[in-house]
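Undergrad: Single-letter residue listing:
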Amino acid sequence: MVIPRVISPRMHAAVLIPAILLSLLLSACSSIDLPSQEESEAKIRRLRTEIARAEQPLHIYERRFRGERDAVSTLRTDVVNRIFGAVASQRSDDLIIAFPPTRPLLSERKSVLGIRYTNHLDIDSGVVTLNLRRAELVSTRGSALRVLLEIEGAGRISVSGRYTGLPASSSPRIALSLRDTVSMDLQAGKDGTLMLVPRRGEVMLHATLYVKLAGWEIPWNEDIPLRIDELLAPVSLPALISTSIKLPVPAREYSDESYEFVDVPIRLRDPVLFLEGDRIRYTFDCEFMKP
Amino acid sequence: MCPIIRTPRPVNRAETARLMPVVLAITILLPILQGCGLVSSIAGGNVDRARYAKAREAASLEARYLAALRLSDRLVRGDDPENADLVLRLEEDLLRRMVQQLRGRAGWIDAETRYVIDSLDTELHHGSAFVALYLSVRSEGYDVDVGLVMDCILALTPDGDALRVDFEPYNVSPDVSAPGLLSAAEDIIADVIRVRLGTLKEQFPPIGLPLGFDELVAVDGTTTRVRGTPNLVITAPRRLVDYRLRVHDVLVFDSFALVTVNLESLRVR
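Each protein sequence line maps, in turn, to chains W and F. Numbering (numbering that gives the first Met the number 0) for the first sequence: 0 to 290. Numbering (numbering that gives the first Met the number 0) for the second sequence: 0 to 268.
Everything hinted at is true.
Derived pair list, reagent style DSS-like, types lysine-lysine, alpha-carbon separation capped at 30 Å:
{"no.": "1", "chain 1": "F", "residue 1": "Lys200", "chain 2": "W", "residue 2": "Lys289"}
{"no.": "2", "chain 1": "F", "residue 1": "Lys200", "chain 2": "W", "residue 2": "Lys42"}
{"no.": "3", "chain 1": "W", "residue 1": "Lys211", "chain 2": "W", "residue 2": "Lys109"}
Taking CB as the label site, the calculated pair distances span:
{"no.": "4", "chain 1": "F", "residue 1": "Val75", "chain 2": "W", "residue 2": "Pro290", "range": "41 to 49 Å"}
{"no.": "5", "chain 1": "F", "residue 1": "Gly103", "chain 2": "W", "residue 2": "Glu286", "range": "17 to 25 Å"}
{"no.": "6", "chain 1": "W", "residue 1": "Gly113", "chain 2": "F", "residue 2": "Arg237", "range": "51 to 59 Å"}
According to the in silico footprint, chain F covers these stretches of chain W (three or more CB under 8 Å from chain F):
{"no.": "7", "stretch": "63–71"}
{"no.": "8", "stretch": "98–108"}
In short, the hints are calculated from the structure, not lab data. In this text, a Cβ means the ideal position worked out from N, Cα and C, and glycines have one as well.
Isolated chain W (complex conformation) (with noise of 0.2 Å):
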């Protein structure tokens, strides 16, 4: 025979209330926590408030950056500055002018007593380098650098002549110096280079030499012009350009592991250069080509 037993309403709770918890525990875990949509629409119109009041100091940015062209940029003059610093302090051997024979350098007719002869002074050869003490930007027109340029140095060359009829020949110090301003412009290459490329135009290289040739004493000085873009190479200034993204290769297999990466090469458009104040300013529009 059974004896009925009574379960109070306390021990029928301690059942179903862990089970209750316990179910809504594994309810919660096998599905997507979503907040209500009411929740979700509260959250927003507070953020809506914060965003606003946090992106108000950001505007004054935002005003100063904006452009019309997809990409800008933006070099600052001193950066140029600082490469013909460093063009000019770290190496010594910026120019090196060899003397080919020049014959004559000089010469002067002479009559002593109806004997007439003729001194004169050639150059046989040397070899003279040059360092570039100073190179500095001092100005900017249009797309125009001005750059000044202060180039010195001394060696000796072999000379020889005849004076008064009497062959000689010395080794004499000549020094030769350049101070002048230059014109460099600025250009877009289509790889997205940035280049200064040297306007044509003259600058005179002065050269100084004083000759004691079997008692024939000559200062010689003399302005050389040279033609500075046949002197100067353009430089190459830095500018961030790109012309290609690197995209991932679509994956055959599930992997975690490794990528590979293809070029997707990007063609520049109607590139603008220009200087505004200390910054040249390189603006494009970018077109992404087939692989």
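Given chain W's structure and the hints, the job is docking chain F onto it.
TA: Below, chain F alone, put in the same frame as chain W:
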């Protein structure tokens, strides 16, 4: 009147044993089945589109708010971006077109779930860049095709000589605009969120934008012959200029991104 005195109703063990499976079924199994989506997936009615859309919007606004605060803080504490040696500004539309190059790209969420990127929608805000990837997902495990939207933060970071554009997923939801949406999407999303959201980034490789941070630029040598008094042969030796640039910051604004770079060192050889 006699007061009514309620006394506990006696319950015998047999009755309890008989009721227990029913109680268990109601309190445990049903919520589990509802929650895991099996029942509702069969019913096809468990995708609450409006609820997903609002949750998605709230999630992106939260990320946007935090990013705007961070950007504001960085600009207040740090240098003006205009003081950098070089500044590259990339317009939002350019970044959008760059990211859209991934359209049609296939990949894998896991070994059983393949995706194809149908479209991408990029948005820049102050401090943050977002991209929504609209994916066609084929799950072999569930034997279904579903449309998913994966919301990502676009992280722009320097990586060697390139600017790296990473996708950081923060939200996955059914693509409510996709035709023929299956309710099984919720199960896949649940899997993705619970199991793999943290590592999902690995299945969406970055885009690289090479920028030439370390450049060795040759300045050609020249030789000039001067015929005159005196004759000269002037040689300017070839030079190698070694620029070393370092990214100072990558800042995202409402309609563009700025990459600020400083010239770290410069050697002439």
